[in-house]
Amino acid sequence: GENVEQHPSTLSVQEGDSAVIKCTYSDSASNYFPWYKQELGKRPQLIIDIRSNVGEKKDQRIAVTLNKTAKHFSLHITETQPEDSAVYFCAASRNSGNTPLVFGKGTRLSVIA
Amino acid sequence: DSGVTQTPKHLITATGQRVTLRCSPRSGDLSVYWYQQSLDQGLQFLIQYYNGEERAKGNILERFSAQQFPDLHSELNLSSLELGDSALYFCASSPQVSGQETQYFGPGTRLLVL
Numbered sequence: 152g153e154n155v156e157q158h159p160s161t162l163s164v165q166e167g168d169s170a171v172i173k174c175t176y177s178d179s180a181s182n183y184f185p186w187y188k189q190e191l192g193k194r195p196q197l198i199i200d201i202r203s204n205v206g207e208k209k210d211q212r213i214a215v216t217l218n219k220t221a222k223h224f225s226l227h228i229t230e231t232q233p234e235d236s237a238v239y240f241c242a243a244s245r246n247s248g249n250t251p252l253v254f255g256k257g258t259r260l261s262v263i264a
Numbered sequence: 028d029s030g031v032t033q034t035p036k037h038l039i040t041a042t043g044q045r046v047t048l049r050c051s052p053r054s055g056d057l058s059v060y061w062y063q064q065s066l067d068q069g070l071q072f073l074i075q076y077y078n079g080e081e082r083a084k085g086n087i088l089e090r091f092s093a094q095q096f097p098d099l100h101s102e103l104n105l106s107s108l109e110l111g112d113s114a115l116y117f118c119a120s121s122p123q124v125s126g127q128e129t130q131y132f133g134p135g136t137r138l139l140v141l
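Listed in order, the protein sequences are those of chains A and B. The numbering used here numbers the first residue of the first sequence as 152 and each following residue consecutively. The numbering used here numbers the first residue of the second sequence as 28 and each following residue consecutively.
The set of hints was computed from the structure by calculation and includes no laboratory data. Just so you know, these numbers come straight off a predicted model, no measurement behind them. Check before you lean on any hint, since a few could be wrong.
Claimed, not checked - Facing chain A, a subset of chain B residues (Cβ under 7 Å, in silico):
(1) GLY69
(2) LEU70
(3) GLN75
(4) ALA83
(5) GLN127
(6) THR129
Said to hold, decoys possible - Stretch by stretch, here's where chain B covers chain A in the computed footprint (C-beta under 8 Å, at least three residues):
(7) 170-176
(8) 215-224
Ideal placement from N, C-alpha and C gives every residue a C-beta, glycine not left out.
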C-alpha cells in the first residue's frame with residue numbers, strides 16, 4: 152500500500168520568511184495530493200491540492216509542487232504570518248473508490264513574530 | 028464550520044468499557060471516513076463507508092467496528108477499551124466514494140480511557 156513520509160516534523164520560521172514542507176510517496180499510481188492544515192484544537196481543513204497532470208499550483212501565498220518522477224511533492228508558504236502556525240498534513244491517493252487518502256505524520260509550523 | 032457534526036465532544040471512560048461515537052456528514056455527502064489521531068501522530072485512517080456500505084478499511088482494530096445508517100449518519104463502536112485507545116477521533120465526509128475529493132472533517136471526539 153501507499154506510504155507517505157513527511158519532513159520536517161517541526162519547523163520554526165521568522166514572520167515574513169518562507170516555509171517549505173516536503174513529502175515523498177511510494178505508490179507510483181497515486182495521482183492526487185492534498186494538503187490539510189490543522190490549527191491547535193481544531194479540525195483539519197484542506198488548503199490546497201494538486202493532481203498529477205500539473206507540476207505546480209498556487210493560491211495566494213501557498214503553492215504546491217509535484218515531481219512525479221521522484222515521487223515527491225512540497226508545500227511552499229511565502230511571507231509567513233503568525234496565523235500560519237499550525238500542523239500541516241500532506242496526503243496521497245490513487246484514483247480508486249477503495250483506496251483512501253494516506254496521510255503523512257504532519258509538520259508543526261511555528262511562525263515567530 | 029464544515030457541516031460535519033460529531034458527538035460527544037469529550038468522553039472519559041475506563042479500561043474494558045465500550046463506547047459509541049456518532050457522526051453526521053454534510054448534507055448530501057454519501058461517504059464517511061473515520062480517523063484516529065493520537066498525540067503527536069498523524070491521521071490514521073480507520074474505515075470508510077459509502078451510502079451504507081463499507082468501502083475501505085485501514086488499520087482498524089478488531090475491537091472497533093463501524094456502520095453507516097440509511098440516514099447516512101455513522102457510528103464508530105470501540106469495545107474492550109485500552110489505555111492506548113485514548114485519542115482524538117475524527118470523522119470526515121465527502122460527496123462521493125473517490126479518495127480524491129475534499130474531505131470535510133468534523134470537530135472530533137476526544138476519548139480518554141483511564
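Legend entry - Hint numbers not upheld by this structure, sorted from lowest to highest: The structure breaks hints 7, 8; every other hint is satisfied.
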